[in-house]
Amino acid sequence: MNDFWRLPPNVSTYGGEIDSMFHLIAWITIVVFFLVEILIVVFLFRYRGRPGRTAKYTHGNSRMEILWTTATALIVLFIGVISRGLWLEIKDPRHFPQPGLELIVTAKQFEWNVTYPGADNQLGTADDFVRRNQLHVPVDVPVRITLQSEDVIHSFYLPQLRLKQDAVPGMHIPAWFEATLPGEYTVGCAELCGLGHYRMKGALTVHSAADWQQWYTQEQQRTAAARATGAPLAASDGAAADDGAAGATVLAAAAHSH
Amino acid sequence: MTIAAAAMDRGTSSFGVYNVKLGMWVFLLSEVMFFTGLIGTYIILRFANPEQFARPGEVLNVPLTAANTFFLICSSVTMVKAYAEIERGNQQGLKRYLVATALIGMLFVGIQGVEYWKLAHEGFVPVAALYKAVGRHAAEAGEAGAVGAAVLGGPLYGTTFYTMTGFHGAHVTIGVLCLWFTVYQAYRGRYSAQNVAGVEAMGLYWHFVDLVWIILFTIVYLI
Amino acid sequence: MSTVATAHETAAHTHEEIPFLRKYIFSTDHKVIGIQFLFMSLFFLLVGGLLAMAMRWQLAFPANPNAGFEGRPLPGGGLLPETMVAGGVMLPEFYNALVTMHGTIMVFFAIMPLLIGVWANYLIPLQIGAPDMAFPRLNMASFWMAMPAGMMMLASFAVVGGAANAGWTAYAPLSVMPEYSGVHLGQQLWELSLVILGFSSLMGAVNYITTIVNMRAPGMTWFRLPLSTWALFITSILLLLAIPVLAGGLIMQFFDQTIGTGFFKPDDGGQPLLWQHLFWFFGHPEVYILILPAMGFVSDILANGARKPVFGYAAMVWAIVGIGFIGWIVWGHHMFMSGMNPMLGGFFMVTTLMIAVPSAIKTFNWLGTIWGGNIRFHTPFLHAISFVALFVIGGLSGVFVASAPVDIPLHDTYFVVAHIHYVLVGGSLFGIFGAITFWFPKMFGRMMNEPLGKIHWALTFVFFNLTFFPMHMLGSGGMMRRLYDPTQYPHIAQYQDTNIFITYSALLLFASQFIFMFNFFWSLFRGRKASENPWEANSLEWTAPSPPPHGNWGDRKLKVYRGPYEYSAPGASADYLLQTDPAQGVPAPASH
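Residue numbers (my numbering), protein chains in the order written: chain Z, 1 to 258; chain C, 1001 to 1223; chain P, 2001 to 2592.
Incorrect hints may have been included.
[Claimed, not checked] Computed list of lysine to any residue pairs in SDA-like fashion (alpha-carbon distance at most 25 Å, straight line): (1) C/K1118 <-> P/I2259; (2) Z/K201 <-> P/I2259; (3) P/K2454 <-> Z/F43; (4) C/K1132 <-> C/I1223; (5) Z/K56 <-> P/A2067; (6) C/K1081 <-> C/N1061.
[Claimed, not checked] Quick list of the computed label-pair ranges, beta carbon to beta carbon: (7) P/L2466 <-> Z/I38: 51 to 59 Å; (8) Z/G85 <-> P/I2329: 20 to 28 Å; (9) P/P2178 <-> C/V1062: 51 to 59 Å; (10) Z/L74 <-> P/F2039: 35 to 43 Å; (11) C/V1017 <-> P/L2466: 31 to 39 Å; (12) P/V2160 <-> Z/P232: 47 to 55 Å; (13) P/L2466 <-> Z/L39: 20 to 28 Å.
In short, the hints are calculated from the structure, not lab data.
Backbone N, C-alpha and C fix where the C-beta goes; we use that ideal spot for every residue, glycine too.
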């Protein structure tokens, strides 16, 4: 079924539940689809006009009406009920799990700037650092993100983690995810944001626990070294520009003041 | 009268209300939605940014506008009288009260225009970048008082004020033009005790415009 | 008003002396105005289709050599200025403008007028037994506002900065800040054009509502109205109440753009989400405006083709009312990902799922209508039954995105594009083709060519599905909307073959429409002359000549004895029974 629907391989905790709900709805709708379409074809054949025949003169059947209305209502009610819990689990900040890592993602035309909390693991302090279009997280750790935008509405989209959340200027919107498999994944923009919308692509790297420590320490060191000498971090590093401690603090402070 | 013409004037009606009157009611429903959109926007923006809105009377001239509101209500009374006159077949009375309504309407718009001019000079404008409303009292204290006075409220105050009252003013202006047209029609003898449709529809529109103003005045000036 | 009565009296008696300008250009006759809307909107349908073809070309053949996609120059691209297409390669800004204008033109200048401008005007007086609309001059004004609005929208392509490019949804702040969108005048023209069109629609709605309430012929009770008229009535109420909210929002957007207000700009305390709420509060009833009339036509046409009464007429009426009513409280489902309070998401999910129920009632009742029928497969019937088959798919795909958590991966992807096109094309457009082919004989006094009509239908049906069904899978595969170059993302690039397939299908779909265009224009002049009632139908329009004269029935007094669906009634002399036929001895059912 995944192949028919081309669902990207899921590497997130709640992604599996979303996919299950997707498949459940798919099966229900496929059954209804075949029921209706087959009936149409059968009726068109069976009741095609032939000389000497008369159509049945009837204005309806209340019992049938009540039957299929009730059935439809029950099915949609069911879908609504099972969806509600999952929705709150994913989107309601009061239901978020305790995060092991907190990040700020600032969207702007046409890139994603990720602010990391630095060695003290606290956002809004001097050791925060920013990386462009590079989202790095450890596996099996709930990550909490605060989304913001510098200019227009963008939409932070991680297809393989089934995460999507608009980044709205003037708002600081929380989101969370927990990756289940190390690897390289996609960050995309899912809201038309201008002429570069199509190339607002980032990379999500999910590290194993050991790799994460290594990467994180290395990035802190590189950042500290660059700040000491005053030289900007080379973009060709792949890690791209560091907006500097001051910039990161401002962003973080804004995020915490909502 | 042909069948066609008769049918158009007095069709089979569910509500026993003839075309022009029903049409005006239906149109006014759409106007309710228009002003609901504007007022709803104001309420949302005000709740989210209370610091951008000043206390009543600090920036806006409540006494003058209250008088203006009274004038508009008077014009509704004259409109009612105009309709009552033509129901009785009194052409003179109709013309007199229609003219009175139109004149008061013009007075209302005139006073509003003067208000806008004064407010703009006090820095109360709809353009965000130019907003620096210092309020009535600072302005009244003269040049020295105005310089260095604190800005009251923020750009949203000007934006929402001019949008809401401006569109209301536009509706009043259109209403005044329609009133003069109705006067013209009255002088041509178009209305009689049997043919009050145009006057009644005009009245409905005018009362609606008055009602919207009462709501706007309360929300914008008094709260 | 007596002035109107006198004018019509004169007109009725001196019909031949009406100058060409007043008879065909500035006419107050509802039928002429309906036909004017028809020509106007068919033109815009063509324009909207062309824009889509340009989009599809870019999607299939983007120039992305790094990823191995060489691209292909846009055919006809050389005719366009360098600001749109440079060296055969379309610019991203132009692509965004195409996306925006395709949506805007199709929704506001093609589908809306094709459903309402044409059919509310043409059908309502004829189906209720009235000589014309309640306010004929207002009707004329309505068309003559829509036309300039359309011209203004087209003209916006030619201004500096190009046409609006923030999507037909025009989300702020992108739509209100030229420094982010690159578009100045184009967006302002877009806003003004839609305000004027909105006014046109509003004037129309006032007319349609007043006419239906007040001008029904004797005996034409509410529950003897054809479902086309019912649907147009409810649609008019939706228009009446929704358009003003859009107008307010557009005006605010215009002020933000021009005089520097800050309604939607966070730096001035404005809120981007405020625009979304205003837009979608209008936007959701708008999509029901775009489908309900077609549902009405389908009921009339299916009953006629099947030679049977509509199954559950009263339920059909209440379903239309229900859809119209619930449609006001579902708008937040367009905003699940917007950052609005998640608790609101829960509320809107419930209301959205609820609205599936009246739609399902209608679908099952259409099945019930053809069940037990004696079906005539005329071209209108083929389009009408296709509506049912395709609208179902659109409705079912809606269930996926109605579930808020499942909307998370699907929002703003091609899954939604598939959904909207199944309901708007599979639904509305097929309904429109059904209506045109059904009422063409009444409008023009000639039949359209049946074999050509069936070929057009078959090709359209096949190519429509080939074009839009794969989009479901592109969407669940993660392809976002409004992407100038989908190959930038590896997880999408792997499916580029699907995009190419869709483009070829779309081109064939577009080409097939020329068969319809040819049939339409050829039949205007050379079609077989039509009788008063070529489809052997029951409703009042089929008792007037084809085409009806000014005033529709002249001095004839109409009286209605029964509902519009008394096909195959026992005791009747034929398998149809006109609403005006007293037919003593044939029972007329209690309420319908």
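Do the hints match the structure? See the list:
For the suggested pair C/K1118 and P/I2259, the alpha carbons sit about 19 Å apart, so the restraint of at most 25 Å is met. Our distance criterion of 25 Å between C-alpha atoms is broken by Z/K201 and P/I2259, whose separation comes to about 35 Å. About 19 Å separates the Cα atoms of P/K2454 and Z/F43, which keeps this hinted pair within 25 Å; it holds. At roughly 21 Å between alpha-carbon atoms, C/K1132 and C/I1223 fall within 25 Å of each other, so this suggested pair holds.
Restraint check for Z/K56 and P/A2067: not satisfied, since their Cα atoms lie roughly 62 Å apart, outside the 25 Å limit. The suggested pairing of C/K1081 with C/N1061 is violated, with an alpha-carbon distance near 31 Å, which exceeds 25 Å. Look at P/L2466 against Z/I38: about 21 Å separates their beta carbons, and that is not inside 51 to 59 Å. A hinted range of 20 to 28 Å holds for the C-beta pair Z/G85 and P/I2329, which are about 22 Å apart.
Restraint check, P/P2178 to C/V1062: a C-beta distance of roughly 38 Å breaks the suggested window 51 to 59 Å. Between Z/L74 and P/F2039 the Cβ separation comes to about 47 Å, which falls outside the hinted range of 35 to 43 Å. Roughly 52 Å separates the CB atoms of C/V1017 and P/L2466, a value that falls outside the hinted 31 to 39 Å. Between P/V2160 and Z/P232 the beta carbons are some 37 Å apart, a value that contradicts the proposed interval 47 to 55 Å.
Checked against the given bound of 20 to 28 Å, the beta carbons of P/L2466 and Z/L39, roughly 23 Å apart, stay inside it.
When held up to the earlier numbered hints, the structure conflicts with 2, 5, 6, 7, 9, 10, 11, 12 and fits the remainder.
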